[in-house]
Amino acid sequence: MRVPTLYKKPRLKWVLAGAAIGCCISWMLFVYMYGAMQERQAVVLEKQKNDVRELQSQLNIWQEEFKELNKQNLHKLTVQEIEIDIINYEKYGIDDAHSMFLAKEQIKKDLSVLYAKDLETVYSHRELIRQTIENKTLKINDRSYSLHVTEWYFYTTLYLQLEMTLPED
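The opening residue of the sequence shown carries number 1 in the numbering used here; numbering runs sequentially from there.
These aren't lab readings, by the way, just hints derived from the structure by calculation. Since this is a predicted model, take the numbers as computed values, not measurements. Backbone N, C-alpha and C fix where the C-beta goes; we use that ideal spot for every residue, glycine too. Be aware that a few hints might be false.
Pairs of lysine-lysine, DSS-like flavour, derived with a Cα cap of 30 Å [unchecked claim]: (1) Lys104 - Lys91; (2) Lys76 - Lys117; (3) Lys108 - Lys76; (4) Lys139 - Lys91; (5) Lys49 - Lys76; (6) Lys91 - Lys67; (7) Lys67 - Lys104; (8) Lys109 - Lys136; (9) Lys117 - Lys104; (10) Lys67 - Lys117; (11) Lys108 - Lys139.
Each pair of labels, with its calculated beta carbon distance range [to be verified]: (12) Asp142 - Glu90: 17 to 23 Å; (13) Asp96 - Leu69: 33 to 39 Å; (14) Ile61 - Gly22: 29 to 35 Å; (15) Leu166 - His125: 24 to 30 Å; (16) Glu90 - Gln56: 55 to 61 Å; (17) Leu55 - Glu134: 53 to 59 Å; (18) Ser57 - Arg126: 44 to 50 Å.
Let's have the full structure, built from the sequences with the hints guiding it.
Given below as C-alpha coordinates:
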(Lines of atoms letter the chains of each structure in order from A and count residues from 1; the text may use other names and numbers.)
(Lines give C-alpha, C1' and ligand atoms only; values in the text may rest on other atoms or scores of the structure.)
Protein backbone atom coordinates (compact mmCIF):
# COMPACT_ATOMS: atom_id res chain seq x y z
CA MET A 1 0.00 0.00 0.00
CA ARG A 2 1.26 3.44 -0.89
CA VAL A 3 0.94 6.79 0.84
CA PRO A 4 -1.23 9.09 -1.28
CA THR A 5 0.51 12.02 -2.79
CA LEU A 6 -0.32 15.51 -1.61
CA TYR A 7 -0.08 17.43 -4.85
CA LYS A 8 -3.54 16.25 -5.79
CA LYS A 9 -5.07 17.53 -2.52
CA PRO A 10 -3.87 21.09 -1.80
CA ARG A 11 -6.53 21.57 0.84
CA LEU A 12 -4.92 18.88 3.00
CA LYS A 13 -1.58 20.72 2.74
CA TRP A 14 -3.17 23.91 4.04
CA VAL A 15 -4.84 22.06 6.93
CA LEU A 16 -1.64 20.32 7.98
CA ALA A 17 0.40 23.51 7.60
CA GLY A 18 -2.21 25.45 9.61
CA ALA A 19 -2.20 22.78 12.30
CA ALA A 20 1.61 22.86 12.51
CA ILE A 21 1.72 26.67 12.67
CA GLY A 22 -1.14 26.73 15.22
CA CYS A 23 0.68 24.15 17.33
CA CYS A 24 3.87 26.24 17.28
CA ILE A 25 2.00 29.46 18.12
CA SER A 26 0.01 27.82 20.94
CA TRP A 27 3.20 26.26 22.33
CA MET A 28 4.95 29.66 22.30
CA LEU A 29 1.90 31.24 23.96
CA PHE A 30 1.86 28.49 26.61
CA VAL A 31 5.59 28.89 27.31
CA TYR A 32 5.18 32.67 27.60
CA MET A 33 2.19 32.44 29.96
CA TYR A 34 3.80 29.71 32.06
CA GLY A 35 7.04 31.71 32.30
CA ALA A 36 5.17 34.87 33.32
CA MET A 37 3.25 32.94 35.98
CA GLN A 38 6.44 31.34 37.31
CA GLU A 39 8.14 34.72 37.42
CA ARG A 40 5.27 36.12 39.53
CA GLN A 41 5.50 33.09 41.81
CA ALA A 42 9.26 33.58 42.19
CA VAL A 43 8.70 37.22 43.17
CA VAL A 44 6.05 36.20 45.72
CA LEU A 45 8.33 33.48 47.16
CA GLU A 46 11.24 35.90 47.46
CA LYS A 47 9.02 38.42 49.23
CA GLN A 48 7.77 35.74 51.61
CA LYS A 49 11.32 34.59 52.35
CA ASN A 50 12.29 38.15 53.22
CA ASP A 51 9.21 38.49 55.46
CA VAL A 52 10.03 35.22 57.23
CA ARG A 53 13.64 36.31 57.81
CA GLU A 54 12.48 39.65 59.19
CA LEU A 55 9.89 38.05 61.46
CA GLN A 56 12.39 35.49 62.74
CA SER A 57 14.83 38.23 63.65
CA GLN A 58 12.05 40.08 65.50
CA LEU A 59 11.05 36.85 67.24
CA ASN A 60 14.64 36.27 68.38
CA ILE A 61 14.79 39.81 69.78
CA TRP A 62 11.52 39.29 71.69
CA GLN A 63 12.63 35.91 73.00
CA GLU A 64 15.89 37.35 74.30
CA GLU A 65 14.02 40.15 76.05
CA PHE A 66 11.58 37.69 77.64
CA LYS A 67 14.42 35.45 78.80
CA GLU A 68 16.06 38.43 80.44
CA LEU A 69 12.79 39.51 82.08
CA ASN A 70 12.16 35.95 83.32
CA LYS A 71 15.62 35.85 84.90
CA GLN A 72 14.92 39.14 86.65
CA ASN A 73 11.47 38.00 87.81
CA LEU A 74 12.80 34.68 89.06
CA HIS A 75 14.75 36.58 91.69
CA LYS A 76 11.61 38.44 92.73
CA LEU A 77 9.28 35.46 93.28
CA THR A 78 7.00 35.64 96.28
CA VAL A 79 4.86 33.15 98.17
CA GLN A 80 1.33 33.41 96.81
CA GLU A 81 -0.29 30.33 98.27
CA ILE A 82 0.25 27.89 101.12
CA GLU A 83 -0.87 24.31 100.68
CA ILE A 84 -1.04 21.94 103.65
CA ASP A 85 -1.39 18.17 103.46
CA ILE A 86 -1.73 16.17 106.69
CA ILE A 87 -1.01 12.48 106.34
CA ASN A 88 -1.78 9.53 108.64
CA TYR A 89 -4.78 11.15 110.36
CA GLU A 90 -6.77 7.97 109.64
CA LYS A 91 -4.42 6.16 112.05
CA TYR A 92 -5.95 8.11 114.93
CA GLY A 93 -9.53 7.54 113.86
CA ILE A 94 -10.20 11.02 112.50
CA ASP A 95 -12.83 10.59 109.81
CA ASP A 96 -14.25 14.08 110.02
CA ALA A 97 -13.21 16.11 106.95
CA HIS A 98 -14.42 19.30 108.61
CA SER A 99 -12.04 18.83 111.54
CA MET A 100 -9.12 18.28 109.17
CA PHE A 101 -10.12 21.37 107.20
CA LEU A 102 -10.18 23.45 110.39
CA ALA A 103 -6.78 22.08 111.41
CA LYS A 104 -5.28 22.99 108.02
CA GLU A 105 -6.83 26.45 108.19
CA GLN A 106 -5.39 26.96 111.68
CA ILE A 107 -1.90 26.09 110.40
CA LYS A 108 -2.38 28.37 107.38
CA LYS A 109 -3.42 31.16 109.73
CA ASP A 110 -0.20 30.72 111.71
CA LEU A 111 1.83 30.80 108.49
CA SER A 112 -0.11 33.71 106.95
CA VAL A 113 2.82 36.06 107.62
CA LEU A 114 4.64 34.25 104.79
CA TYR A 115 2.24 35.50 102.11
CA ALA A 116 3.85 37.98 99.70
CA LYS A 117 7.29 37.35 101.19
CA ASP A 118 10.30 36.84 98.97
CA LEU A 119 11.17 33.16 98.43
CA GLU A 120 14.75 33.71 99.53
CA THR A 121 13.56 35.13 102.83
CA VAL A 122 11.11 32.30 103.42
CA TYR A 123 13.71 29.68 102.56
CA SER A 124 16.28 31.23 104.87
CA HIS A 125 13.76 31.03 107.76
CA ARG A 126 12.74 27.41 107.08
CA GLU A 127 13.96 26.15 110.45
CA LEU A 128 11.90 28.78 112.23
CA ILE A 129 8.88 27.68 110.19
CA ARG A 130 9.58 24.05 111.07
CA GLN A 131 9.78 24.88 114.79
CA THR A 132 6.59 26.93 114.57
CA ILE A 133 4.71 23.99 113.08
CA GLU A 134 6.22 21.30 115.28
CA ASN A 135 5.66 23.24 118.52
CA LYS A 136 1.99 23.71 117.68
CA THR A 137 -0.53 21.32 119.16
CA LEU A 138 -3.81 20.77 117.39
CA LYS A 139 -6.97 19.98 119.28
CA ILE A 140 -9.20 17.71 117.21
CA ASN A 141 -12.19 15.94 118.80
CA ASP A 142 -10.98 16.76 122.35
CA ARG A 143 -7.57 15.17 121.74
CA SER A 144 -4.27 16.94 121.25
CA TYR A 145 -1.95 16.13 118.37
CA SER A 146 1.47 17.38 117.41
CA LEU A 147 2.76 17.75 113.88
CA HIS A 148 6.07 16.92 112.20
CA VAL A 149 7.16 18.21 108.83
CA THR A 150 7.92 15.32 106.48
CA GLU A 151 8.17 17.18 103.18
CA TRP A 152 8.04 20.73 101.89
CA TYR A 153 8.54 22.58 98.64
CA PHE A 154 9.32 26.24 98.25
CA TYR A 155 8.00 28.06 95.23
CA THR A 156 5.15 30.48 94.63
CA THR A 157 3.07 27.82 96.37
CA LEU A 158 4.56 26.71 99.67
CA TYR A 159 3.67 23.02 99.97
CA LEU A 160 3.91 21.35 103.39
CA GLN A 161 3.31 17.68 104.11
CA LEU A 162 2.78 17.10 107.82
CA GLU A 163 2.54 13.95 109.88
CA MET A 164 0.32 13.76 112.95
CA THR A 165 1.53 12.17 116.16
CA LEU A 166 0.31 12.04 119.71
CA PRO A 167 2.29 14.45 121.85
CA GLU A 168 4.79 12.94 124.25
CA ASP A 169 4.09 14.10 127.77
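Against the structure, the hints:
Taking the CA atoms of Lys104 and Lys91, the gap is about 17 Å. The hint holds against a cut of 30 Å. A hinted pair counts as satisfied when its Cα atoms are at most 30 Å apart, and Lys76 with Lys117 qualifies at roughly 10 Å. For a cut-off of 30 Å, the pair hint linking Lys108 to Lys76 stands: about 23 Å separates their Cα positions. For the proposed pair Lys139 and Lys91, the alpha carbon gap of about 16 Å is at most 30 Å, so the pair holds.
Distance restraint check for Lys49 and Lys76: the Cα-Cα separation of roughly 41 Å exceeds the 30 Å cut-off, and the hinted pair is therefore not satisfied. With a C-alpha separation of about 48 Å, the suggested pairing of Lys91 with Lys67 is violated against the 30 Å cut-off. Proximity of Lys67 to Lys104 is assessed by CA-CA distance (about 37 Å); at most 30 Å being required, the pair is judged violated. Only pairs whose Cα atoms come within 30 Å are accepted, and Lys109 paired with Lys136 is accepted, the gap being roughly 12 Å.
At most 30 Å may separate the alpha-carbon atoms for a hinted pair to count; Lys117 and Lys104 meet this at roughly 20 Å. Only pairs whose Cα atoms come within 30 Å are accepted, and Lys67 paired with Lys117 is accepted, the gap being roughly 24 Å. Taking the CA atoms of Lys108 and Lys139, the gap is about 15 Å. The hint holds against a cut of 30 Å. At about 18 Å, the CB distance of Asp142 to Glu90 agrees with the hint of 17 to 23 Å.
In this structure the supplied range 33 to 39 Å is violated for Asp96 paired with Leu69, their Cβ-Cβ distance being about 47 Å. The supplied range of 29 to 35 Å is broken by Ile61 and Gly22, whose beta-carbon atoms lie about 59 Å from each other. Hint check: Leu166 to His125, Cβ distance near 28 Å, so the stated range 24 to 30 Å holds. In this structure the hint that Glu90 and Gln56 lie 55 to 61 Å apart at CB holds, the actual value being about 57 Å.
Checked against the given bound of 53 to 59 Å, the beta carbons of Leu55 and Glu134, roughly 57 Å apart, stay inside it. Separated by about 45 Å at the C-beta atoms, Ser57 and Arg126 satisfy the suggested range of 44 to 50 Å.
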